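Visitor: As you go down the protein sequences, you meet chains A and B in turn.
Our numbering applies: residue 1 is where the first sequence begins, and numbers increase by one.
Our numbering applies: residue 346 is where the second sequence begins, and numbers increase by one.
Think of the hints as simulated: they come from the structure by calculation, not from any bench.
As the structure is a computational prediction, the values presented were derived from the model and not from experiment.
Check the hints yourself; a few may be wrong.
Unchecked claim - Incomplete in silico selection of chain B near chain A, CB under 7 Å: (1) Leu415; (2) Pro458; (3) Ile472.
Idealized CB from N, CA, C, for every residue including glycine.
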Amino acid sequence: MNVAKLLEKRRVQWSELERLCDSMEVRGRTDKSGFKHHRGAEGIARFSTLYRAACADLALADTYQLPPGTVTYLHRLVARAHNQLYRAGKFEPQSWATIIFETAPQQIFSDPCVRVATLVFFGLFSLAMYLGRNDSIIPGFADRMVGTEQLSQLEQAYETPLAASLDHYVSMSGFYIMHNTGIGLRCFAYGILLIPCLFSLAYNALALGTMFGYMARPDAVGGDNFFEFVTAHGPFELTAIALAAAAGLRIGLGLFYTAGLARIDSIRMNAMKAVPVMAASALLFTLAAFTEGFISPSPLPYVIKAVWSVFSSGLISFYFVVLGFPREANELASQLPAGDQPDAA
Amino acid sequence: MASPAALDTTIAVVTPENIAFDYQLAGPFRRLPAYLIDLGVRWGVIVLVIICLALAGLLASFSGFSSFVLATGFILYFLISWFYGTVLETYFNGRTIGKWACGIRVIDTDGRPISGKRALLRNLLRIADMLPLVGLSSFVTDAAPIFVPTGMIGLLAMILTRRMQRLGDLAAGTMVIVDERGWRLPVAKVDDPRVPALASFFPGDYRVSRSMAKALAIYAERRHYLTPARRREIARHLAIPLIDRFEFRADIDPDLLMYSLYYRVYLSDSSDEIADLGPLAGFSPLRRDQNKPQGLLGNIPNPISPTVKRPSFNPQLTQEAGVHAPDTTLLGKSIPLPQPAASQRSPDTKQELPRPEEQP
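Excised from the complex, chain B in its bound form (with noise of 0.2 Å):
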């Protein structure tokens, strides 16, 4: 029995620079607002010919050409019902107005731009997708013989294609794609400057396996969205194996460590001057340091160590510190830190995403 692939509604499209990227595909239920958006613009454009068609026919009916008129409103009813799509897709770019106002584009399914006979295709087709056909009558006695068209056919080949197309789609070979808007950059920036100082604990030969350096950056970009209590327990599967290996101090904060860990692969470089420590220049947080004396912290306790308590002790570290003061704990360990004053806001309960730099 074949192996049962998972549900995915991304596309790798390989595009002539020999580059594969990836494209969203574009469901039902981003399609059919755009198909009813659509509708309603080619009624509300029929209207107004018919409208202007009405007042020319006016002017013209002294003259004799009215049947003129009529002959145009007739042809431009046909062409825009049947053309609408087919010319605004082939010159808009893959979009008709639903389209652009549900952000969704057409496109080839090898990823190039659709062509003029693609597009006149797939848009001929539709009116086999719209079947089948439902009388009104079938469900109101006396209704007037209206069929409205269901469109089962269309989402049936919907859900049973890989790239999401109908069957207009199919014959045309196209697919429509979701034309992502409003995204940024992300960049993460460390403001604790404890992160620097214990990234520099770690071994300068220490290269990190590639799965490993994908799971710090998913983890750096999530952990704003987590509890400090959350972040110790996700990251303590990472942290513990770590501390082990070199040797750190066993009350280390995970979630610290993971994140300087984070720092030492994407944001550190060699050639870096250490950062000025301040204070807690000369605190190390190995194992073997742990009963010396802790140079200008020495007489405090860990400051890496998850805290319950956080009085205002070293008002001047707070301000360089921001917001990734330590966060409390449910160790048990009771210790004056240096802290944030009193009047910032607590980290605890809200956290500053690192944001994304302005553009220029």
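The following block holds chain A by itself, in its conformation from the complex (with noise of 0.2 Å):
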């Protein structure tokens, strides 16, 4: 059979095809290509058995030695009606809970980076406040830290007691979803570029070292007031913010710690573990707004922030040691026979 005829007989089902694409293109379905037999479930049987003649005609190209011109159309027509076959997977809304409370906390237990960005971010937290507190070590540390106007503000905004109403407790704790998490996600992001992640990270643990710090000094205006609005929040606010950057750091690493696998494969690895613990940072960001938003700046009192506070460490250690533990290791180690068990932890 010549080509002329075998591409006139061929070129029925693939003006076939495009037309389907074109109506797929569109809504996403095949019943506007003006057939009847493109409706509903046929429609969808037709395209399928229509791109597969496709794919054999391209996969034949060479062997019938078709013009290169028509090779290029079929690789189009094939890509295109591809892309309509297999589309985006939609989001599973079913699937988060797992990657929230199993994914997560054991990626988070098991990843050595979470436990550096804590150290990092803790450790520089309570240098700063250390120095903070204690001018004399060195003389000016928290103005030239902070800056002394900012220092200012900070003792003017807490001289009062705390009472806010509730209308400042809505538009506060959507404010703090806003920019604390804008804050996280920012530090993740830089986390490819490793420095900068580290940078955001270690300011922000200064920054908020040496007003913690400066506040807790005797002679601070408005020192009580403040403890008593970060006691509530804080634990879920810092340790998002280490979390953040210890997702962000994972995907850096694979630069440099590709246990054996090429660069580019290896920063890609890490950074699907790393969106489960970002998925908790962002969590916990979201539960710090609210906190920050309706408890924090309330007139209730001491205790009760206090108790919530407790109780927010509790969960989060809850969250990381008991739901975090490698349960799959014991699982895997139940099934395999004894003496290959691997080590626990």
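Assembling the complex is the task here: the two chains are given apart, and the hints tell you how they should meet.
Guide: Next comes the structure, spelled out in structure tokens:
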């Protein structure tokens, strides 16, 4: 058979496939192609049949010695149909619970990056707090670290006892979600470059620590109010920043700790691992924002805020340790024959 | 030393049907406009939301819900600015509004569509690709402390990677490809009656090689863009060995010979009846027949040779011959030929392209 006749024969199907693609691209379904037999399931079946036929034509193009122009046409037709047949996977909200309550804590528990980020953050935080508290060690540390103006603003803000109205709570929690989660996400994104992430983490640790230390000075104005304010949401928020940085560092670490993979593949694998940790961090940021919006500025007695703080710390510990304990390893170990058991933890 | 690889912007993808097809990758100059459009759309939506919320706030201020409106505003701003790309790419089959406008699409490096997790990763990491930030104050002395992202890191990553991926693409395992629109199946049509006539003089057992078939197809697709002299110049390289092999007359037009071979390989069918050759019947282009009487055309010179003059000779033929009548030549032969009437346009200046047939 000559090529012209072959093309003439196949073109009918190709143009039908093109029509189906046209209607799929607009609506995501085959109904609008104008043919009656393209409605519903029948249309989808017809589409996949035509797609497979076009694939076969492309595979045989070399054998048939099709002209290069026709081969290019077929490449595009197949690519176009491929994009319609295999569509983007939607989010699966039912899998989010698994990610948050199973994958993320286990990842956090086993990931050394979390330990590094936590150590860096809380270490620098404590150091800055110590230096900010005792002005005699490095004179003027707090002023140079945060800025004299900011410090006086901070003192002014907490001069009066906490007593905000409901209006204030709602709008402020919205603001905290936007602002603080934004900081966390930025920290995470910079992780792929490592240095900006570490810088961002260290800067936040030092600035926050200095403020805490400064307000803890006996002569600070409004120090009591400040600590009453930060008690409730502190555990959630500080952990969330450390976690976001840890997730970012996990990606960046893939650059040089490749575990035998090609560098780019290693980044990809590590990034996939980092997503659940980042999700957990975003959840903590949101919880912190609501606490910061509703509980922290409220005129509730200090005891309740302290109890909430202890409770949230306990919740985080439970999440990290109990949910995060390497359960799969144990299950796996019980299935393996004795002697083959991998090391616990 | 490793041999340098050619720069190539196509990438082969193997589908689950075990078919490899080519995608064209989208470079920075296609992606930047898409990003700018997205930026505009994003800010447009945010402004729209703020206006709507302000109106709602006016209504709500009486009932004391204005703080909820404010909180909604903050949260919507946060969601739109961080998750615009993620949501659109996931639910819009790998495209955002800007990508759709620029005709590009994100897919997996395996050629599969993008999943929500990958879309999330590549969109979150965009902010790292946008580094380093440049403060306006370094150009204008008393400018506000505004930092403009330069995108140098993403650009570098795109230049250095095979699939033109930025860092976010690398981490998510995605790539951006050109989503082509407006293409048609090219079908060459032969209108010149001398082509089938000449094609019938190739021996029946002659099979062209694969590379020759490809060369013929490319030549037939492009010959309409070339001047006749140029066509002959190009065709001569392949035509001369053929003329020697099949003992054609030496003054045969190389372009016509190549076109006939193309017809023979792609368009003719061995079972086809020989087309009605009209006045050309009995004419032989072979060298051994050069001195024999040539049937109906015996008294006129060779119709397949390139000629200079073209007086109107056989109006009946011209109507069928259409555009592919013989061309003028530089070979110096000045012989009358069966030619289009003077009223028809000259094939030398305007060659009609074989049109793709209209879609049914």
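Visitor: Indicate, hint by hint, whether the structure satisfies it.
Guide: Going down the list of hints, with the structure as the test:
Checking B:Leu415 against chain A: minimum C-beta separation of about 4 Å stays under 7 Å; hint holds. Nearest Cβ of chain A to the Cβ of B:Pro458: about 4 Å, under the 7 Å cut. The hint holds. For B:Ile472, the shortest C-beta to C-beta distance to chain A is roughly 4 Å, which falls under 7 Å, so the interface hint holds.
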